Structure formats: C-alpha cells, structure tokens
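**Student:** The chain contents come next:
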Amino acid sequence: MGNIAKLSVSAAVGILLGIAAILWIEPETAGGSALLIVICMALTIVVGAIIKALRGRS
Amino acid sequence: MRKLVSVLILATMGSSALAQDSGVAVVGVEGYEIPLSPVALYRALGDRIVSGQDVIGNNRSNWSQVDSALPSSRIGVGIATGSDEATLLDIVRWGCREASGESRACMKVGLRQDRLIREGAEYAGVRFDATRVSQPVPAYTPPPAPPAPTYTMTTIDTQPLAPLSPAPETARVMESVASVASVVSARAEVVASPSAAMMVEPAPMEAMVEVDSDFVFATRLFAARGNYPPKDYAAYGLVAFRSQATADEADRQRHMHICEAFFATLTDSGSSDAPVTKQMVTVWPILAENPSRLPDYPENLLERLNTPVREEGMCDLAVTYYDLFMAKVAIKQVEAAQGAALPGAGPYLLAWSPGAKKGQRDAVVLVADLENVQSAADAREAFGIWREHIERDATLWEDGFTEPGLKVKLRKLLDRYGDQLMKFVTG
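Those sequence lines, one after another, are chains X and Y.
With the first letter of the first sequence counted as 1, position 55 gets the number 55 in the numbering used here; the numbers rise by one all the way through.
With the first letter of the second sequence counted as 1, position 420 gets the number 420 in the numbering used here; the numbers rise by one all the way through.
By construction, these hints were calculated from the structure, which means they are not laboratory data.
Among these hints, one or two may not hold up.
[As the list claims (entries may be wrong)] Pair ranges (Cβ atoms, derived):
id	chain 1	residue 1	chain 2	residue 2	range
1	X	Glu26	Y	Leu421	12 to 22 Å
2	X	Arg55	Y	Asp369	32 to 42 Å
3	Y	Phe424	X	Ser8	55 to 65 Å
4	X	Leu43	Y	Glu249	55 to 65 Å
5	Y	Thr426	X	Ser8	22 to 32 Å
6	Y	Gly344	X	Leu43	29 to 39 Å
7	Y	Thr277	X	Lys6	50 to 60 Å
8	X	Lys6	Y	Lys332	47 to 57 Å
9	Y	Pro275	X	Leu7	51 to 61 Å
10	X	Val47	Y	Met422	24 to 34 Å
All of these numbers come straight from a predicted model, not from anything done at the bench.
Every residue gets a Cβ at the ideal spot worked out from N, C-alpha and C, and that includes glycine.
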C-alpha cells in the first residue's frame, strides 16, 4: 500500500511537471499534450523509484 | 541572443497631414526619407486590422511589411511632449478607411501603445538597416515651416543601450558612433526641429550594404529540378500547388496572384547581399528545359525569372512552366515528416531547416496553407506573414539547441507521435 502511495505521489509530481511542460512547449494537438504528461509521469515515477532504491541501500 | 537593429525615424506632421500622403516621413540617420502613406501608417501603428467583417489585432513587427524599403526590426514612435496624439490617430483611421472602406469599424482603431514612446523616455542608439533600400532615396529636404507637432520614431531594442548624453532642448543632434559589423550607426537625441537632424552628412550608399550576422532574410528563387534543394541556405521553402493552373480564368488568376505576391514580397536571392547561409530561400519550381517534350520552352527562362524586378509576362511564364511534380514530392515529404496528410486543397508554402534536410523526417518543417488565398491582396498578406515568420523566428532556422528551436522541435515530435498514440488508443 505504501508503495502505491509513493507511486501516486511520483505520478502527481509527473502530472504537474507535464502541465508545466505543456505551458512551455505548447503542443498543438491533444495527443501531443497527453503524450507529454505520460512522458513526465513515467520520468518522475522512474526517478522516484531510483531515489527510493538509493535510500534503501544507504 | 538575437540582436535587434535600431533605426531612427523622424516623422513630421504638419498642415500637410491631410494631403496626398500622411505627412509622416521616415528618415534614416543617413539622411534619406521614406514617406509613409496613411495606409502604411495604419498598418504599422493601428492596434487592429480591419478586413471585411473581420477585425484582428495588429501584431506586425516587421516594418519591411509596411514598406519594403524599411528595416524589418521593431520600430516605436516617440511622441514629443505637447504634440497631438489625436492627430496621429486621425491619420491612422484615415488609412484604415482607405485600406478597408469600413468607416464604422475604423473608428474603433486605436494606436498601438507598445510602439509609442513619450518624450522623456530614453532614446536608443540607432542604426539604419539600409540593405533593404532597393534604390537610392532622395535626400530629405526640410519642410518650409512645420507648424505641427513632431514625432520621432525609433526601434525598440531589447539590448541595453549606451546612455545618451543630455540633449539641448531645442536642437536635435545626431552623431556617428562606432558600430558592430561596420554597419552605419548613429545616436539620436530628442529635440524640437526635425530639420536640424538632417544636417548630418548622408553616409555613402556602399557603406550601407553590410549585413548583420544575426539576420535571416527571406528570399525567392525560381529553380528547375537538379538545382535544389539548395544545401547552403539557412532554410529552404517551396511554393507547392496541388495542381497546375487550368484554363479556368479564376484558377489561373489565383496562380498569378500568388506568383505576383511571391515576386513582390520576397527579394531576389541572387541580388541579395546576404550570404546564402543567412537566406531562407523560397523556391518556385520550374520545369527543366527539355527540347523533346517542351519544344516551346523559353530561352534562358530561369535567368529571366531570377531578377530583382518583375517584368510583364514573367508570372505568366512562371505559372505555365510550374513544376507540379516537384511540388507533389515536397508535399509528400512534408506529410511523411509530419506523419499526417496536409489538410485542405492548398497551395502551401513549405519550408525545411536547414535546406539540406529537405525530405528528411527529423527536419523542422514549416507549413502555411494558402487555401483561402483568392485575391492579390490575400496573396500579398499571406506572403508577408510568411516572410515575417521566417525573419522574426530566425532562431528557428539555426542549428543547435537554441531554446525556441528546441521548443519547436519538441512540439513537432510530440504532436506527431502523440496523435499517432491517440489514434492507436482510441482505435
């Protein structure tokens, strides 16, 4: 359950990052905007997982 | 960072304001004058453009669209204290009425405040980009007695400029200063009499053809197969029709209007002093000489078409010998790069950057749809926007990771793959 919560925190950060990226890049299609959010979410989830793994080691 | 050229423009408005021209003259620091008509003034300073039933905000920043002899950089108009802004507005509205014939809508036109600088604002160091002066302009002759308020126009430069020395209140002084890239420069200060400004010795014309390294120039080229893509150009564009002109008079006229606008709006590539690496060339594809298939092919057709001045019958030839195959190839290449069919019936203005990347999928492609272009005015406006877009967004055409360029490339990628993904997901 804790893992899912952390995942959703990462995903929420990804969505916010995606929205910021949409404002900067200004895609012209809905598909472009959706893809950008998906990419940002994936990125933050991966980064979150890496950080978690690094913390677990130390 | 993109440098913006500055220009000093001095405008006098007197009792002649309601005569044939607007009474507003643009004067370069070299001392020559370009009079502005009320229509030109309206297009430059009106805060909205009236076109039929449509009223759109005016965001033109290229003065070269208003008058091809003017530089493309942004220009502001400085209004001296005590002068009558209302008179300027009257002339702008008059120009609007002349241009659109819509008296009522023109009454709502105001002045672009972003271009107005009240006296007291710091005036910029200035430089006249005279590469666009296609012919020598007669030297300015001071008006006999300008009774009306004085306006001073100057470019709005994003670069920090050297502070000006205090100016005497009753005299306008110009002095030459050293400039970057040997372009003629001068510094201007605000004063009362425009005639005093004209006492400056005009600079020799040959000194005015230096080109700032940061500019990109939109040029035109008539080229046959084998001559393109011109690899060295900053970017490469093409006028792409979906069909040849038919015998139908309206259809042929439309082709002719687009050709005439192509001639009128873009400068001839060969006559431009800008290096090809700083030119964004738009090509009108022409059929190659082929005596067996085209026995009536005009002699030296390309040489005749690639001139700075349009002569009678040129567009007729350009339309008749238009190379439809090259246009189809270009359209297919753009569609492949975008991952989607070009909408509408065209014609299109297509551009790749850099020129050598034409046809490659990772190239930055710019598309302008001219489907709605029917009249000569429509065509001129469309080409004007095209030129402005190219010249203003010079960074778009540069290599490397410039922020605007990166943004555009990311946008194109996201739009292409995002749409494909959406289609896949939604079935």
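**Student:** Confirm or reject the claim that Y:Thr426 and X:Ser8 have a C-beta distance inside 22 to 32 Å.
**Tutor:** holds (25 Å)
**Student:** Check the following: the C-beta atoms of X:Glu26 and Y:Leu421 are separated by a distance inside 12 to 22 Å.
**Tutor:** holds (18 Å)
**Student:** Confirm or reject the claim that X:Arg55 and Y:Asp369 have a C-beta distance inside 32 to 42 Å.
**Tutor:** Violated - the Cβ-Cβ distance for X:Arg55 and Y:Asp369, about 53 Å, lies outside 32 to 42 Å.
**Student:** Hint says 47 to 57 Å; check whether the CB-CB distance for X:Lys6 and Y:Lys332 agrees.
**Tutor:** Holds, at about 49 Å.
**Student:** Between the beta carbons of Y:Thr277 and X:Lys6, is the distance compatible with 50 to 60 Å?
**Tutor:** Given a distance of about 52 Å, which is inside 50 to 60 Å, the answer is holds.
**Student:** Please check whether X:Val47 and Y:Met422 have a Cβ separation lying inside 24 to 34 Å.
**Tutor:** holds (26 Å)
**Student:** Can you tell me whether the CB distance of Y:Gly344 to X:Leu43 sits inside 29 to 39 Å?
**Tutor:** holds (37 Å)
**Student:** Return holds or violated for the Cβ distance of X:Leu43 and Y:Glu249 against the range 55 to 65 Å.
**Tutor:** With Cβ atoms ~58 Å apart, the hint holds.
**Student:** Within 55 to 65 Å or not, the Cβ separation of Y:Phe424 and X:Ser8?
**Tutor:** Hint violated: Cβ distance 26 Å, outside 55 to 65 Å.
**Student:** Y:Pro275 and X:Leu7, beta-carbon distance inside 51 to 61 Å?
**Tutor:** holds (55 Å)
In this structure, the hints that do not hold are numbers 2, 3, in rising order.
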